[in-house]
Amino acid sequence: MLSEEDQRLLHILSLDSRLTAEDLAIQTGLSADYIKKKIKQWEDDKVIVKYGTLINYDRLDEDKVTAFIDVKVHPQRGSGYDNIAQRFRKFPEIKSVYLMSGDFDLCMIIEGNNMHDIAQFVSDKLSPLDVIESTQTRFILRRYKQDGIEFHGEEERPQRLMMTP
Amino acid sequence: MKQYLTPTARNLKPSGIRRFFDLAATMEDVISLGVGEPDFSTPWVMTEAAIFSLEKGQTMYTSNAGNIELRREICKYMAKHQGLTYNPDNEILITVGASEAIDLAMRALISPGDGVLIPDPSYVSYAACAELAGAEVHYVHLRAEHEFRLQVEDLQSAYTPNCKVLILSYPNNPTGAIMTREDLLPIARFASEHDLIVISDEIYADLSYGYEPTPFATLPYMWNRTLHVSGFSKAYAMTGWRIGYVAGHSDLLNAMLKIHQYTIMCAPIMAQVAALEGLRSGESAKKEMVMEYDRRRRIVVNGFREMGLTCFEPLGAFYVFPDITVTGLSSEQFAEELLKEEKVAVVPGTAFGPCGEGHIRCSYAYSTQQLNEALSRIANFVKKRI
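If you're matching them up, the sequences are chains A and B in order.
Heads up: the first sequence begins at 0 in numbering that gives the first Met the number 0, then just goes up one per residue.
Heads up: the second sequence begins at 0 in numbering that gives the first Met the number 0, then just goes up one per residue.
The following block holds chain A by itself, in its conformation from the complex (with noise of 0.2 angstroms):
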């Protein structure tokens, strides 16, 4: 169970994983030697799995199309799905996969510079798979929101008065 404080400095980490120690002291009130630990702690066992960075490709001149690929399989004697998905997560352009409940067993989210990049790995590389019974792909048109940070609009927050009692 994580005390408070933990779950507190995870949230500051997950908001901005390029503050030191000694930032996270500072806005935590825990002691910088104390967060360095805990960090190489989660590091090691793999509660920080990664520091990642969200680019806006949007506002980039840089073609990149993420597609969600729904994909329907025959689950396998002995290992269920759990086996499929270790030779679907092997492919560099699926970026993530997951089992779903629903309609299709397995979905995973593909990356390419262009459609036609997607839409060729889908056909010669995912569908001649034998394990799989059939696919469906969406593209991603426009992101309005991932990871909880909103990506059109929050320029046009409303203006607040300079100052008020």
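By construction, these hints were calculated from the structure, which means they are not laboratory data.
Every value quoted in this text rests on a predicted model; they were computed, and no experiment measured them.
Here a beta-carbon is modelled for each residue, glycine too, at the ideal position from N, C-alpha and C.
Any given hint could turn out to be false.
[Claimed, not checked] When the alpha-carbon atoms are kept at most 27 angstroms apart in a straight line, the in silico DSSO-like pairs for lysine-lysine are as follows: (1) A:Lys39 with A:Lys94; (2) A:Lys144 with B:Lys285; (3) A:Lys63 with A:Lys49; (4) B:Lys383 with A:Lys37; (5) A:Lys49 with A:Lys36; (6) A:Lys144 with B:Lys286; (7) A:Lys89 with A:Lys63; (8) B:Lys383 with B:Lys339; (9) A:Lys45 with A:Lys35.
[What the hints assert, rightly or not] Taking beta-carbon pairs under 10 angstroms as the criterion, some of the chain A residues facing chain B (in silico): (10) Asp22; (11) Met99; (12) Ser100; (13) Met161; (14) Pro164.
With chain A fixed as given, assemble chain B onto it according to the hints.
Just chain B, lined up with the frame of chain A:
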């Protein structure tokens, strides 16, 4: 045309913040730490509830005292979180912000010439509302060496036999100071011995960090003589919705209700709907905001201390009140020169009463990025002067 004005209206001083507002408004790229309101939008569940109610056509008056469901929910909240029991039928009044509750209390309690004890520094409206009601204002010095906690000796010095009302505001604007139950007990005894009615403005009670606020009405013999004022503006980020409330003895509340019904009629219904939803399902959003303020509070206190200014640790509200005397500047000079040189807007401590001299008020209801930039500019300014 000034001859038509009453002497009270003519002589009422404008808020000390106004001048800086006007000055800052003429400049570009100013970073302001001058805003006494949350930088968060009202939690969506509350806004959505108000939109839905409008779609259903709920656009009419509520009862003068406010929507009975909201009054009941406030009573439940106060009983659960503050150990205070009020009857929603006649001991709660929904007002247009806590500001209206303060004004109503003054108008219901004060006859011309009555004295009102007001801590100095404190929120700009207290003295003005008291004066508008015809009161004689007696400032009670709050001292930095006591972390701006009201001391009974200072209360005694300011007291005269015409005093009828004492205003308290903890957690405090502008200092961020708090008072514990032990700190408040002698004040309660004083109020009882001198037959004072206490207007306790507890609008910042939910914004407190690492301590449990003590509602003044919970102290021995204080329920009858306390008007507990609060509202939704600060903790629920609802400043523009203007919903406050006051709880107290029905005799006092009935008089305030009469003034309210002849002047305001009732608080706006859509804002009351949003407030009701806040009490029912806004708790987690409120907690997240409090956690975020706490984080920023630590950054700002540390920032001021690192630049060599004395800054006691505020445990409530979202203000810091650093001591700037080491720069050799008065509060007004500091705020004005800082604005002109570094384009950072802060409020001089004297805007909150003469005892605010030597301090500035900085709000930390801003993003970490804005706070860091403002602190860096202030540090640059201070470095040249110490």
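Taking the hints in turn, this is what the structure says about them:
| no. | hint | verdict |
| --- | --- | --- |
| 1 | A:Lys39 with A:Lys94 | holds, 26 angstroms |
| 2 | A:Lys144 with B:Lys285 | holds, 22 angstroms |
| 3 | A:Lys63 with A:Lys49 | holds, 22 angstroms |
| 4 | B:Lys383 with A:Lys37 | violated, 40 angstroms |
| 5 | A:Lys49 with A:Lys36 | holds, 17 angstroms |
| 6 | A:Lys144 with B:Lys286 | holds, 22 angstroms |
| 7 | A:Lys89 with A:Lys63 | holds, 21 angstroms |
| 8 | B:Lys383 with B:Lys339 | holds, 14 angstroms |
| 9 | A:Lys45 with A:Lys35 | holds, 15 angstroms |
| 10 | Asp22 | holds, 8 angstroms |
| 11 | Met99 | violated, 27 angstroms |
| 12 | Ser100 | violated, 26 angstroms |
| 13 | Met161 | holds, 4 angstroms |
| 14 | Pro164 | holds, 5 angstroms |
Of the numbered hints given earlier, the model fails hints 4, 11 and 12; all others are met.
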